[in-house]
Amino acid sequence: MNENIVNFIYLIAGVLFILGIKGLTKPKTAVRGNMLSALGMLLAVVVTLLNMNTVDYTFIVAGVVVGSLVGSVMALRIQMTSMPQMVALLNGFGGGASLTIALAEYYTKLGATPATFAELLHPVVADSSAFGAGPEGTVALVAIGLTVLIGALTLTGSLVAFAKLQELMKKSYGLPGGPIGNALFLIAALVAVALVVVEPGNVAAMVTVVALALLLGLFLVMPIGGADMPVVIALLNSYSGIAAALAGFILGNTVLIIAGSLVGTSGLILTRIMCVAMNRSLANVLFGKMAAGGETIDADEVYAGKVTSAQPDEVAMLLETAQRVVIVPGYGMAMAQAQHAVRELADAMEAKGVEVEYGIHPVAGRMPGHMNVLLAEAEVPYDKLVEMDRINPTFEDTDVVIVIGANDVTNPMARDVEGSPIYGMPILNVDKAKTVVVIKRSLSPGFAGLPNPLFAMDHTLMVYGDGKKAVVEMTTALNQA
Amino acid sequence: MDILILLLALFVLSLFLGVELITKVPPTLHTPLMSGTNAVSGITLVGALLAAGNDGSPMVVNILGFIAVTLATINVVGGYLVTNRMLAMFKRK
Chain A
1 MNENIVNFIY LIAGVLFILG IKGLTKPKTA VRGNMLSALG MLLAVVVTLL
51 NMNTVDYTFI VAGVVVGSLV GSVMALRIQM TSMPQMVALL NGFGGGASLT
101 IALAEYYTKL GATPATFAEL LHPVVADSSA FGAGPEGTVA LVAIGLTVLI
151 GALTLTGSLV AFAKLQELMK KSYGLPGGPI GNALFLIAAL VAVALVVVEP
201 GNVAAMVTVV ALALLLGLFL VMPIGGADMP VVIALLNSYS GIAAALAGFI
251 LGNTVLIIAG SLVGTSGLIL TRIMCVAMNR SLANVLFGKM AAGGETIDAD
301 EVYAGKVTSA QPDEVAMLLE TAQRVVIVPG YGMAMAQAQH AVRELADAME
351 AKGVEVEYGI HPVAGRMPGH MNVLLAEAEV PYDKLVEMDR INPTFEDTDV
401 VIVIGANDVT NPMARDVEGS PIYGMPILNV DKAKTVVVIK RSLSPGFAGL
451 PNPLFAMDHT LMVYGDGKKA VVEMTTALNQ A
Chain B
1 MDILILLLAL FVLSLFLGVE LITKVPPTLH TPLMSGTNAV SGITLVGALL
51 AAGNDGSPMV VNILGFIAVT LATINVVGGY LVTNRMLAMF KRK
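Protein sequence lines, in the order shown, are assigned to chains A and B.
Residue numbering for the first sequence follows the numbering used here, starting at 1 and increasing by one per position.
Residue numbering for the second sequence follows the numbering used here, starting at 1 and increasing by one per position.
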């Protein structure tokens, strides 16, 4: 097939990807956008297959069959609460695909004919001209080295992120020296990339890049946990895109470059949004611990004798007379699988004429938009899900706020106590409401490890226990009232 | 060199386009955005097909290609399906 026709169809595929993402700017057009994007993918794959000269379909068919099976089972079986795990895995697979493509291209261009995997380690005599004339060869080698580096660290980093989200790995391990250890690893990997560029036949250097990058991915993500996960997932999402774009430079393939850079920017923008929402720099999330600020704050001192607890039926009486209620969900709602129960409570309130909205903090949950997906699953209309900036001015006119499974994002210390570790982090000002109901298992601190003075305020009621059970009891009491 | 500079231009312009597009996606759709872009990054399937199916390549290269095809297909199929599943929930009222 004519190269120009192939590239023209790649261009159409690229445009369809762009239209697909454009569709995602509105919930109404999002499904159609996703379809357009999938159509673009189909076009790109079909034209690639038609354009191949000497094809042996054995491995292609095997890979497509295995991949389709695994992909569709994952996509159809996964629970909405586990979506962060699914995205973490997909990030990792994206990185792995770029890694293996770059390696395959490397060995093909080298002209090496390894018969076994062990022979992949045998050095070959070659210079950069094997990869393209003049500067093109050097650029191709740099692109191969960087794709291998980023692809490999995205692969292992994402697998660690998955293991942490799935709670298979609970502890945090890091390299001795923390960020310095990681920096040394990264420098060593870059030196190995440079070696490959200077001496393309130095297969040992390429294998070193792979090994160092795989380890770096492990060490980068292992020390990070809990509420910092949204940042890590968004960043790895970006890496998988960058790796794809770099692979586009290796193959001189336009559609890979377009698609990869769109994904790369998407991940970076989400990363930035998450960091801003925590008032922390990316470096602080990746390498720092939450600073143990100034003097330690004694939880007993904050709470002693000041915490009021309540039973679900008492809360139901409050809700019955309320005019406006705002529900603030957090990761605890996902853990308790309480999204359907929450929707039923909202329905019961609305049946009594109460205005109900949801206040969503950007970092609530374990990935960007996590709460929105859970509540959409429970059939909450998306226009009831209100962003932080728009819901905050309304708290003063709100009778009751129900906080379920959220903690740090409601902590007034972030607003009022200068010198507190979370000072400056934007929060939901739930304490401005007339009454705050907090559904929580105990007074244990959130990810930041800080006591929350909200719990001790005069107009705050603590409902202890399992989130789902407490909400169901409120709904029952409200319906009987 | 001509081709390289064109590819670079494409890359830079796509980055700017990406910023313009993604900043318009509302927070409520950020999770489908991530899974949807996962599917798009499965475009590496195009490169994987070339590596897996080239009859002239040594077997080991084809096997690397097979791994790439498998992983990229998981991204494409899994990514689009799960995104569609989520978006269908946002659509209904």
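Just so you know, these hints were derived from the structure itself, not from any lab.
Mixed in with the good hints there might be a few duds.
Unchecked claim - Simulated crosslink set (DSS-like; lysine-lysine; CA at most 25 Å straight-line):
id	chain 1	residue 1	chain 2	residue 2
1	A	LYS171	B	LYS91
2	A	LYS469	A	LYS352
3	A	LYS170	B	LYS24
Said to hold, decoys possible - One side of the interface only, derived from the structure: several residues of chain B facing chain A at Cβ under 7 Å:
id	residue
4	LEU4
5	ILE5
6	ALA9
7	THR44
8	ASN62
9	LEU64
10	ASN75
11	THR83
Everything numeric in this text was worked out from a predicted model, so none of it was measured.
Just so it is clear, CB atoms sit at the ideal spot from N, CA and C, and this is done for glycine as well.
Structure-based check of each hint:
1. A:LYS171 - B:LYS91: 39 Å, violated
2. A:LYS469 - A:LYS352: 21 Å, holds
3. A:LYS170 - B:LYS24: Violated, because 36 Å separates the two Cα atoms, which is more than 25 Å.
4. LEU4: The hint holds - LEU4 (chain B) has a Cβ within 7 Å of chain A, the shortest such distance being about 6 Å.
5. ILE5: With a closest approach of 10 Å, the ILE5 (chain B) hint is violated.
6. ALA9: Status violated, d = 10 Å.
7. THR44: 4 Å, holds
8. ASN62: Status holds, d = 5 Å.
9. LEU64: With Cβ-Cβ at 4 Å, under 7 Å, it holds.
10. ASN75: 5 Å, holds
11. THR83: 5 Å, holds
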